[in-house]
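Asks: Each chain, written out:
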Amino acid sequence: MAGLGSVPVPTQTGVAASAVRSPSTVVAPRHTAVVRTTHWIITICFFALLITGIEILISHPRFYWGETGNVLTEPLFKLPIPSSRRLVPTGYGYVLPDQNGWSRALHFEAAWIAVLTSLVYAIFSLFSGHLRKNLLPARADLSWGSLSRAIRKNLRFERPGAAEAWSYNVLQRITYVFVILVLFPLVIWTGLALSPAFDSAFPITVTLLGGRQSARTLHFFVSLALLLFLLVHVIMVVRAGFRSRTKAMITGQTDTPTERT
Amino acid sequence: MSLEETRHSSYFSRRKLIKTGLIAAAGASGLGVAARLAQQYGLVPPDHGTLYGVGETLTYASHRLLTRHSLAREFSRSQISERPLPNETAPFSEEYKRHQVAGFSDWRLTVDGLVDRPGSFSLAELKSYPARRQITELACEEGWSYIAEWIGVPLSHVLNLVGTHPQARYVVYYSIQPDWWESIDMADAMHPQTFLTYGMNDTDLPSGNGGPLRLRVPRQLGYKSVKFLTHLTVTDNMKKFGKGLGSSSPEAGYAWYAGI
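Chains as they are written, first to last, in this note's numbering: chain A, 1 to 261; chain B, 1 to 260.
Simulated from the structure, these hints should not be mistaken for laboratory data.
Derived list of chain B stretches under chain A, where covered just means 3 residues or more per stretch with a C-beta under 8 Å from a C-beta of chain A: (1) 46 to 57; (2) 66 to 74; (3) 84 to 94; (4) 141 to 148; (5) 212 to 226; (6) 250 to 259.
Derived contacts from chain B toward chain A, CB cut-off under 8 Å, selection only: (7) His63; (8) Gln79; (9) Ser81; (10) Glu137.
This structure is a prediction, so every number in the text was calculated from the model and none was measured. Ideal Cβ placement from N, Cα and C applies to all residues, glycine included.
Chain A on its own, in the form it takes in the complex:
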């Protein structure tokens, strides 16, 4: 490694224009304003969806496969938690308070905001080149050798190099693309499948998933996968430097030397 000087940084190609330095010259932000704003709106929505999702789940902590399922049918599995409804036999001698009213309302409101925000993000990513430049992994990085090197580096808990303060590494890119292009669409799809009115207009939404109860079970597992992503994401941010990474996502600026020649 030749040191900081040779770190490849994602920049515009207008090299010649930057020869003249003036006080009004500012560094391009680590994250664009659109990425930063949508990131935090979706973060808030995610927590709202998670908390309200748990509340809704407590009213029936049993999961089924197929079209129908209720306390008279055999569950696929049960969560060993108390319930907010008397109807559910949980083995606990008490019933939790019912929080479904506001939880459902906030769940759907947060879902609307998250989906509309994601739409802004998706359009921006497609047309600004964010998807191509910052998210899709480079073809060279997808070779087995390069991937296993990246994984080994991660497993040895090596601190990320300076380059990663300015650009996502290949594992990050793969994870983000998977979350954005697979988990988000899946959680929306399985959620929509639980709407009887939406299903009446687009029955394939639920039939393709194997029925209403299958859709509910899948919604639960995709949500778990998203929760796992959140935990790993936060652990990685802490490993890379919580203050600097969070500052970069709030202000767009990073503590990593910007003097790149």
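The hints should help you fit chain B onto chain A, whose structure is shown.
Replies: Okay, now just chain B, sitting in the frame of chain A:
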């Protein structure tokens, strides 16, 4: 050599100010026009003013645009649940118990409000109208569901008999149980699968499932399918009922529209 991108960061001109102002004004008036149009086309639910009104309105409006005439999924006979869950756990009122003892022989459904011929119908009268059957899923907001064959007369049949006024917008319906009432818009009220249901799986509708009379609204969650139905009122304005939120559900924190 610097690779920094040059950008004028704090460039704040009059032109920018005017542009921002125009966009804001256009946005605000656009929202105003959208709100008026939504109101005019019946895309605003009665509980739109609550804390989560924006989400409720977006859901209801998009569903009304997408699902006005769509039919709830119907299933084959083999998919009928072996044991349709009798989920009624609330204690029955004294009035209901009296009807139960009498075998529901004098149970009546009263219909009034914005109709030409207000009246009341006995179960025998309702059963004398052309019976319809549907094998649909009852899905509770808690997460469970079952499939049953529901037998009854479409609500539209009775509404046509009494003759609803052209300005009718909602049908309000009441259970014999205290403080249990709901309402649906005319799209759901006139929907071919919205039944005054008196039978299930070739028997009379059992008490545990809402018998002797239950409104089935299969495109919405179970709590809109009010059990032990005794009274319908046709109206053009939900403000006159309860707290004006559309039904007892929003008063208890639940959404009026339960298509989701």
